[in-house]
Amino acid sequence: MSFSTYLLLLLGMGAVTYLPRLLPLLLLSQRQLPRWLVDWLELIPVAILAALLAPSLLIDSHSNSFNLLRPEFWVAVPTFLFAVRSQSLGGTVLVGMGLFWLAEKLF
Amino acid sequence: MTSTQYNQTHEGRSGVLRDGLAAAWPICLGYFPIGMALGVLGQQAGLGPAWIGLMSVLVFAGSAQFIAVAMLDGGASATAIILTTLVVNFRHFLMSSALAIPLRGVRRSFLILFAYGITDESFGVNMTRFRAGNWDRWRALVVHHAANSTWILATILGSLVGSLIPPGAFGIDFALPGMFIALLVLQLHGRAYVFTGGLAAGLAVIWKLLIPGDSYIVGAAILAATGGYLVRRRVRRQREAKG
Chain A
4 MSFSTYLLLL
14 LGMGAVTYLP
24 RLLPLLLLSQ
34 RQLPRWLVDW
44 LELIPVAILA
54 ALLAPSLLID
64 SHSNSFNLLR
74 PEFWVAVPTF
84 LFAVRSQSLG
94 GTVLVGMGLF
104 WLAEKLF
Chain B
10 MTSTQYNQTH
20 EGRSGVLRDG
30 LAAAWPICLG
40 YFPIGMALGV
50 LGQQAGLGPA
60 WIGLMSVLVF
70 AGSAQFIAVA
80 MLDGGASATA
90 IILTTLVVNF
100 RHFLMSSALA
110 IPLRGVRRSF
120 LILFAYGITD
130 ESFGVNMTRF
140 RAGNWDRWRA
150 LVVHHAANST
160 WILATILGSL
170 VGSLIPPGAF
180 GIDFALPGMF
190 IALLVLQLHG
200 RAYVFTGGLA
210 AGLAVIWKLL
220 IPGDSYIVGA
230 AILAATGGYL
240 VRRRVRRQRE
250 AKG
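Read top to bottom, the protein sequences are chains A and B. Numbering-wise, the first sequence is residues 4 to 110 according to this note's numbering. Numbering-wise, the second sequence is residues 10 to 252 according to this note's numbering.
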């Protein structure tokens with residue numbers, strides 16, 4: 004690809020990344036939203052976090068197959084329990100990393 | 010409590026910066042090795058430090074950038090790469106919609122600046138903090154900028170020296186999954202949230218196994234939030250009918 008094609012590619016990628024991040028914020032934040040929409044949007048963070056996380060723990064991305072034996076999943080279980088008890092973001096990150104490091108060493 | 014009130018009651022600019030950085034560090038820790046890895050791959054695909062840096066500045070979306078680099082390496086057309094980027098990043102449409110609630114009434118110029126930094130990670134951190142109450146838009150913006158600068162620097166650094174560093178040291182590969190686990194736990198405010206999260210997890214796994222690609226994120230999130238909303242509404246109505 005030439006210099007100008009690269010630049011156009013990056014500008015195009017930038018536009019389709021930025022606009023979905025901007026438009027809802029711009030349109031929805033300036034008005035009173037109906038109660039049902041607020042209630043629904045309140046459940047979006049937990050839904051999207053779970054949808055991002057679960058497949059990364061349980062699905063092998065190379066073969067796209069379900070696998071309960073992945074170290075990611077088995078490290079996630081105690082990390083989850085630690086997060087429930089500690090309610091700490093930074094602490095959970097460090098505990099998860101430590102357990103994953105151990106799991107990689109042992110298995 | 011509005012965001013400006015909170016800002017005024019807590020020691021000015023240094024407090025904002027300190028709180029923002031304290032919230033952002035797990036994101037930065039997770040972004041660093043991933044950004045380095047992207048830099049290495051970009052360099053192997055023929056994108057030098059300047060191009061990778063420019064891509065990170067203009068696009069700032071990790072998974073879309075990885076896919077774009079792989080597609081470039083495979084000789085894909087610019088149109089195909091841009092369309093893929095749109096699909097991969099469309100989940101931010103949902104996140105931006107949810108952020109409109111804590112940012113209600115905020116002026117447009119701020120939103121234009123703020124929207125640039127919305128990622129899965131910054132969204133999780135900021136929504137959790139907004140929900141807890143002791144958070145405002147300026148602290149949220151510091152989280153965006155800290156994550157953003159780390160990402161840009163890491164990708165450039167990766168394309169310069171990344172191939173010299175062994176991957177996966179100290180369990181660093183689990184930094185972002187660990188953060189998502191904690192963010193998920195911090196979002197569980199009651200039964201409706203636990204139900205929605207469990208439903209989203211199950212649906213996402215099944216959806217991803219059946220349909221390759223990234224549609225599972227948006228699809229499972231919309232279905233699960235709708236399911237959670239309907240169950241909650243039903244329970245509420247039953248309670249009201251009883252008494």
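Do not rely on the hints blindly, as some may be mistaken.
Claimed, not checked - Chain A side only, calculated, beta carbon under 7 Å to chain B, not exhaustive: (1) 15; (2) 54; (3) 65; (4) 72; (5) 76; (6) 79; (7) 80; (8) 81.
Derived by calculation from the structure, the hints in this document are not laboratory data. Where is the CB? At the ideal position from N, CA and C, for every residue including glycine.
Failing hints, ascending?
-> 3, 4, 5, 7, 8
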